[in-house]
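These protein sequences, in sequence, are chains A and B. Using full-length UniProt numbering, the first residue of the first sequence is number 1, and each one after it goes up by one. Using full-length UniProt numbering, the first residue of the second sequence is number 1, and each one after it goes up by one.
If you're looking for bench data, these hints aren't it; they were derived computationally from the structure. Here the structure is a predicted model, which is why all the values come from computation and not from measurement. Please note that the accuracy of each hint is not assured.
In the DSSO-like style, the derived pairs of lysine-lysine whose C-alpha atoms are separated by at most 27 Å in a straight line are [claimed, not checked]:
#	chain 1	residue 1	chain 2	residue 2
1	A	Lys198	B	Lys207
2	A	Lys278	B	Lys36
3	A	Lys20	B	Lys207
4	B	Lys113	A	Lys198
5	A	Lys278	B	Lys50
6	B	Lys152	A	Lys189
7	A	Lys189	B	Lys207
8	B	Lys127	A	Lys281
9	A	Lys283	B	Lys54
10	A	Lys278	B	Lys64
11	A	Lys278	B	Lys207
12	B	Lys36	A	Lys185
13	B	Lys152	A	Lys198
14	B	Lys12	B	Lys64
15	B	Lys127	A	Lys278
16	A	Lys58	A	Lys278
17	B	Lys12	A	Lys281
18	A	Lys281	B	Lys21
19	B	Lys96	A	Lys188
20	B	Lys113	B	Lys80
21	A	Lys281	B	Lys80
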Amino acid sequence: MVIAIGFEGSANKLGIGIVKDGEVLSNCRRTYITPPGEGFLPRETAQHHRENALTILKEALEEAKVNPQDIDVVCYTKGPGMGAPLVSTSVVALTVAQLWNKPVIGVNHCIGHIEMGRLITGADNPTVLYVSGGNTQVIAYSRRRYRIFGETIDIAVGNCLDRFARVLKLSNDPSPGYNIEQMAKKGKKLLKMPYVVKGMDVSFSGILSFMEERAPSLLESGEYTAEDLCFSLQENIFAMLVETTERAMAHCESSEVLIVGGVGCNLRLQEMMGIMCKERKAKLFATDDRFCIDNGAMIAHAGLEMFRHGWKTPWKETTCTQRYRTDEVEVTWRGKLSLN
Amino acid sequence: MASDLEGFELFKQGAEGRLYKGTYLGRPAVVKERFKKFYRHPDLDEHLTKERMKAEARAIVRSKTAGVRTPCVYLVDFEKRRIYMEEIQNSTTVKKFINDTINNFSEEESFQKILPAATEIGMIVGKLHANNIIHGDLTTSNMLLTYCKEGKIRITLIDFGLSHVENSAEDKGVDLYVLERALLSTHSNAENLFPLILQAYKKFNVKDSKLVLVKLEEVRARGRKRTMVG
Numbered sequence: 001m002v003i004a005i006g007f008e009g010s011a012n013k014l015g016i017g018i019v020k021d022g023e024v025l026s027n028c029r030r031t032y033i034t035p036p037g038e039g040f041l042p043r044e045t046a047q048h049h050r051e052n053a054l055t056i057l058k059e060a061l062e063e064a065k066v067n068p069q070d071i072d073v074v075c076y077t078k079g080p081g082m083g084a085p086l087v088s089t090s091v092v093a094l095t096v097a098q099l100w101n102k103p104v105i106g107v108n109h110c111i112g113h114i115e116m117g118r119l120i121t122g123a124d125n126p127t128v129l130y131v132s133g134g135n136t137q138v139i140a141y142s143r144r145r146y147r148i149f150g151e152t153i154d155i156a157v158g159n160c161l162d163r164f165a166r167v168l169k170l171s172n173d174p175s176p177g178y179n180i181e182q183m184a185k186k187g188k189k190l191l192k193m194p195y196v197v198k199g200m201d202v203s204f205s206g207i208l209s210f211m212e213e214r215a216p217s218l219l220e221s222g223e224y225t226a227e228d229l230c231f232s233l234q235e236n237i238f239a240m241l242v243e244t245t246e247r248a249m250a251h252c253e254s255s256e257v258l259i260v261g262g263v264g265c266n267l268r269l270q271e272m273m274g275i276m277c278k279e280r281k282a283k284l285f286a287t288d289d290r291f292c293i294d295n296g297a298m299i300a301h302a303g304l305e306m307f308r309h310g311w312k313t314p315w316k317e318t319t320c321t322q323r324y325r326t327d328e329v330e331v332t333w334r335g336k337l338s339l340n
Numbered sequence: 001m002a003s004d005l006e007g008f009e010l011f012k013q014g015a016e017g018r019l020y021k022g023t024y025l026g027r028p029a030v031v032k033e034r035f036k037k038f039y040r041h042p043d044l045d046e047h048l049t050k051e052r053m054k055a056e057a058r059a060i061v062r063s064k065t066a067g068v069r070t071p072c073v074y075l076v077d078f079e080k081r082r083i084y085m086e087e088i089q090n091s092t093t094v095k096k097f098i099n100d101t102i103n104n105f106s107e108e109e110s111f112q113k114i115l116p117a118a119t120e121i122g123m124i125v126g127k128l129h130a131n132n133i134i135h136g137d138l139t140t141s142n143m144l145l146t147y148c149k150e151g152k153i154r155i156t157l158i159d160f161g162l163s164h165v166e167n168s169a170e171d172k173g174v175d176l177y178v179l180e181r182a183l184l185s186t187h188s189n190a191e192n193l194f195p196l197i198l199q200a201y202k203k204f205n206v207k208d209s210k211l212v213l214v215k216l217e218e219v220r221a222r223g224r225k226r227t228m229v230g
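So here's chain A without its partners, still in its complex pose:
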């Protein structure tokens, strides 16, 4: 029996979770919410994490009914993410590791999402679509790495949605993406906009500029409603994601898809992916907001898998990094499945 605690703070969510051999004992979270029209900045976000860390830590321990002595390993997000929030969260993790005298593991954030998705849904060897505010990647496992088949060549899909929400001055509570999703349900008229797929890669920055430029006049003239614009944006960018995922699946001859990351809890995206899967006789796996959105349990779970396979991060290497690619980590805890 191994118990792991995970600290996640790579963006505006601060999460601390405790996991015992694949069972989530607690998964507490606070989100730093900014006023409508504004994004979150590193300094203020880090401050939010510092202010809330101890409260959430207590909550997580109480909910899990675990004493610090029972914990075997302390896991934290090493990257990728925003520098200041990452560091402020890792400081808490490293401090408790010292106090409790426990080993530490620095976890790749993206790997955390993938492993948590696999655990919760039971997907065995899926093609993974990882979509969030900071990442957009189509990933498949091969030869001990999570290999990136396609990705955004500029901004992440969640970033495109968040920033469009700012144009419309939508609330950031609970998240801008959620509010776009609700508006989109009432939209009907499709606006034609750039559709940018390059092989298995996608690009969103041009679409965002297009929308930022045209939205005010389209709304003013009454040609399109705000709901129509949310609808059009979602339809267009989600179609790009589903298409590239399908390309990767065809190339790898895969019959499972797993969606992870904050944008992954968008039900329209899940619905579209589901239809594509049905057309190919493939199976879709998705999770809800508890595990899609950044959380501590996913870091604990991925760290626990690593710990079991002999990983420990030497004290001198317990740093953070803003750039940390999914394919940099050797996945020693999975078999040597090949693509064929």
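Knowing the structure of chain A, use the given hints to seat chain B on it.
Below, chain B without anything else, positioned relative to chain A:
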């Protein structure tokens, strides 16, 4: 199943549509049907499908003129979203060829066997780019390999749905980058493979290969979240 495609048999569902095999006017043919994708908005689906069918038919003809082996287009049916083309008989994908070779032969032997294929790929992409054709989805699944009588290999390029005509080094660089990434994620010996491809590429795209390779370096550095020093 398309009931009006008499005598044709579904044999594969690719990323872009369903593929049927049969005979068209007495010739072995493949029908690529870009069936309606119900996951996307019907207007968007209609628009994309038309664009890609046009792109595919055009690029196939252009590539042929450029001396790149492609299937012949027999018929384009916009109404039914189908392209009828020549079937490349007795072919395997280059992807399968490379992986089978690696699995069945020693490192040295497989290198010798794969070398001609790598040279051929470099030549094909070089010729395309020299004629300003951007394929848009260069992967080893989109290259079909056949043997001629003397045992020499031939590669036929397919799947031109994302192609366009453009003379900028940027687009050519991205095209090569797509190929490199596809190789890295599919083949364990890709590190050796890509330089061989580039060698041949330079010979067949004399005009602007220098510029394109500089761009390729730029595009590589652009990938998100790459570790950077300094």
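Practice prompt. Of all the hints given earlier, name the ones this structure violates by number, lowest first.
Written response: Violated hints (numbers, rising): 3, 4, 6, 7, 8, 9, 10, 11, 13, 15, 16, 19, 20; every other hint is consistent with the structure.
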